[in-house]
Amino acid sequence: MHLLEPVLLLQFLVSGLLAGALYALLACGLNLVFGVMRVINLAHAELMLAGAFLTYVLYAWAGIHPLLAFFLVLPALFGAGFYLQRLVVERVVGKGELQSLLLTYGLSIILINTGLLIFASDFKAIPELQGALIVGDIAISKPRTAAALLAIALTLGVYHFLKHARLGKAIRAVAEHPDVAMLCGIDVVRMRMFTFGLAAAMAGAAGVMLTMIYSFSPETGADFILKCFAIIIIGGMGNFIGALYGGLLLGVAEIFVAGFVSSQWAEAVAYVLLILILLIRPTGLKGAADVT
Amino acid sequence: MSLKSIAPGIVLALLAVAAPAMASDYQLLFLLQLLMMIALAQSWNLISGMTGYVSLGHTAFFGVGAYAGALLLQWGFPWWLAIFKGAGIALLVAAPLGVLTLRLRGPYFAIAMLGLNEIGRLVATLWVDLTQGGDGIPLSPARLPTLLQNYYTMLTLAVLATSLIAWVRYNRLGLELRAIREDEEAAEMVGVNTTRNKVIAFALSAVIPGAAGAVYAFYTSYIDPVSVFAPALNIQMIVMVLLGGSGTVWGPVIGAVLVRTLHELTWAQFPALHLALLGVLIVAIVLFLPKGILSLAPWRRRVRPDRAPGSP
Amino acid sequence: MKRIHFLLAGFGVGIALASAGVPAQTKEIVVGTSVALTGKYARTGQEQLNGFQLWVEDVNRRGGLLGRKVRLAYYDDESKPDTGAKLYEKLITGDKVDLLIGPYSSGVTLAASTVAEKHRFPIISAGASSSKIWARGYKNVFGLYTPATTYMDQILALAKEKGLKRVALIHADTAFPRDVARGVEASAKRLGLELVFKEEYGKASTDFAAMILKIKALKPDVVVGGSYLPDSTAFMRQAREYQLYAKIFAFAVGPGLPDFGPNLGAIAEGVMGNSQWEPTLNLPGVKTFAKQYEQRYGHVPGYHAAGGYGAGQVLEAAVKMTRSFDRDKLRRALLKLDTTTAFGRYKVDATGMQLGKPGYTVQWIGGSRHVILPPSVAARKTTYPFKPWDKR
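Protein chains in written order, with this note's numbering: chain V, 1 to 292; chain B, 293 to 604; chain R, 605 to 996.
It is worth saying that the hints were derived from the structure and are not from the lab.
Chain B stretches covered by chain V per the calculated footprint, using a threshold of three residues with CB under 8 angstroms from any CB of chain V:
hint : stretch
1    : 403–411
2    : 570–581
Stretch by stretch, here's where chain V covers chain B in the computed footprint (C-beta under 8 angstroms, at least three residues):
hint : stretch
3    : 392–398
4    : 531–540
Result set (SDA-like, lysine to any residue): computed pairs, CA atoms no more than 20 angstroms apart in a straight line:
hint : chain 1 : residue 1 : chain 2 : residue 2
5    : R       : 995       : R       : 874
6    : R       : 673       : R       : 925
7    : V       : 95        : B       : 470
8    : R       : 766       : R       : 796
9    : R       : 743       : B       : 432
10   : R       : 722       : B       : 315
11   : V       : 95        : B       : 471
12   : V       : 95        : B       : 476
13   : V       : 95        : B       : 588
14   : R       : 673       : R       : 634
15   : R       : 807       : V       : 122
16   : R       : 991       : V       : 131
17   : B       : 583       : V       : 91
18   : R       : 722       : B       : 435
19   : R       : 802       : B       : 419
20   : R       : 823       : R       : 989
21   : R       : 820       : V       : 260
Because the structure is a prediction, the values reported are computed rather than measured. No residue lacks a Cβ here, since even glycine has one placed at the ideal position from N, Cα and C.
Using the sequences provided together with the hints, build the complete structure.
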């Protein structure tokens, strides 16, 4: 086999980046929540699936194209996240990992099984935006490219929002020193609601894209969430933009291992990287927790 | 430790010893699984409940024990020796891993353990010559111990795990472990050898899952990588410990009894609904009963750590 | 001593609940089974359950078994082997069922059949096809499904007939797909086809790009997958993206399910798969069952549903043959029995493995799936070769 042909190597790189972008979109939201309120959200992948099912319902019942559904799903998930934080998650902020792990695990099984009750365990997918653009000899998957563009746009957008917007700065203040932020007159609770809403919207965006990439059922979350944990460690926990790098790195590493070794070993990449990075730098590649 | 404080344990254990005389095979299997969850929850309690280091990958040791037990049985070892060796191998795997991972704090440790469990699963999947890979290992019934033997082994493990917690809790190691949970730097400053203590607790907490894994392989008669390296099993341990009361002796027992009973009550008729209800229950407990059921009980005041026997 | 009461109460409730079975001594005949209603096999488990229930309704309409009313006792095994083992213990010793039907999936069946074997209770397996189940010398497991190792035989024979040579094989890393893969390897060798590529992938594989690029470089004539639904659809979607072409694309499970076409749209066109059974088969009883099922559940039955129904019919035939519910008599009857159900022929070998029932090959043509092989029951002519991506 001519695996070392430059065209093939370039194709691997492109495909890996596209696969990684979907991971990144999911992991960034997870990391945002962790960075701002130190909550590891085990229900994050289920929020993605909520987005996916909402997209599917809009497509199947009203014939709305997923790319249009995007404009309905994003606000819906933002709202859901916003109130989920207010009603439930807010109450475990600052209570330690165990409480938040358990709470979000509870939420995740509620979501999975509500999904099963409504949709059964059939696999759904939307056959839109299929195929690839061929540029030179390189095939660029249409749905994955859309997902990647979205991932990068959303991640950078949220990043700049956190860095420069007033509200974003307030969120960062809440992340770094909630007590001080409160003293400065920032509505800490509201900021966290906003944060969780943003994270849920990003998960929902990943869900919209998933409908055109993979066949999903209410139980598909597990295929993604474990890798996302690895990604946020690789990128640095709480380091928002780090999850983007982490996701892209994992996507590329997986495809090269799958290409040169075997697909089975590709599955180990995430966890081996995770352990190696923790052994070398116990706080992750991009350093200590930091929203920016 | 007063007689009064261990009396309920003795009564429970005696009941469990006598159970096979009254129970059908199915009831025995129900109890066997309950005892397994007690043993596993207590093991998790030992490292995570005591020290606050949240392990999300204790099923790694369960899986190692299950594979070791199944393979040794296949190679002709008697079942009880296979269980011993399964536990021993889990210990041998755990000790160095503990040294490496316990340097990590908080969520880093939790996720590292999650990763180790996945690595365990992948080793079992990829090492086909040894483990038969994803085919799994069906065990020949001729070699398997009887249900009664499995039951009493699991009972022994549950009792051992609970006694271990009781013993650790009321001696110096337990006190130092809880000091680590409250404030690791401070504990170190007052002369607690935190690394040694953590590694000891971690290694001890791996032995029983190792043995339980082997028994699991025997009573199920078939294992494959996905069913023994199962993160969901780990979460169940956590739910039981937290439901009852983390770091306590009886909390995990109560938690396991409640969760398994609830499961038995509702799961048969409403598969998806019962799981959704379990989710609601978990959320409710976190929100309204964050310290577990034992925190409701009036006698709790008597077992405050500062008044525990053996405290300096 | 409040603590004692508290703990004992909990313990007592547990025992009481575990013992709260169904009172026996009613005249009805109880058929016990475990079904995957949650977990990874839930999709197929539900269909199988529908099939069981339809059979129970039918048999009662026909006057029951030996004049006694039939009732189904079933529990959710969560797609987990240990739960399956426990449930068969419950069905046998707790519910004291009269007849047993096996669970779905090879893994759960491997565990559950050990329990049945221990109690010397014959069990009809209508949801497992891994040959390992029948390689253990058990005397009480009787299969309905065509063994997984033979799944791709007709397709490989077709490839041979068309003069194709190069076969690429991919498969998931669990028991059933590995069995399919072993069968493909053996059959390819027997037919003189060259296996140019073979790779296994993990359960969380959502991206097949690397595999597809490697296969593409080898220019295979046939691509065969030992797969389930999500992986087979993801693979085909990416095969189109990377313009991987072969004259035959064939997958286990995926294309045999009704979701395959709607999930993939035009990409599904021409993909082959195998099926244990199809509603369009020209065999006695098939049409009636399919019509009845569709009326009852609102969708066309897949083979898991028919397998469930067929399992009931096999039990019915065995009971009729022996005129009793005696386990030893039933065991002997199930070994000897040669009957045809809505699921097809039932005839096992000395180990209890199914030999009488052929597998069927399906192909997605014009947006729905049709039986194309064997020719005797084909509903449509095979569309061959696979239409190139740039001509679609």
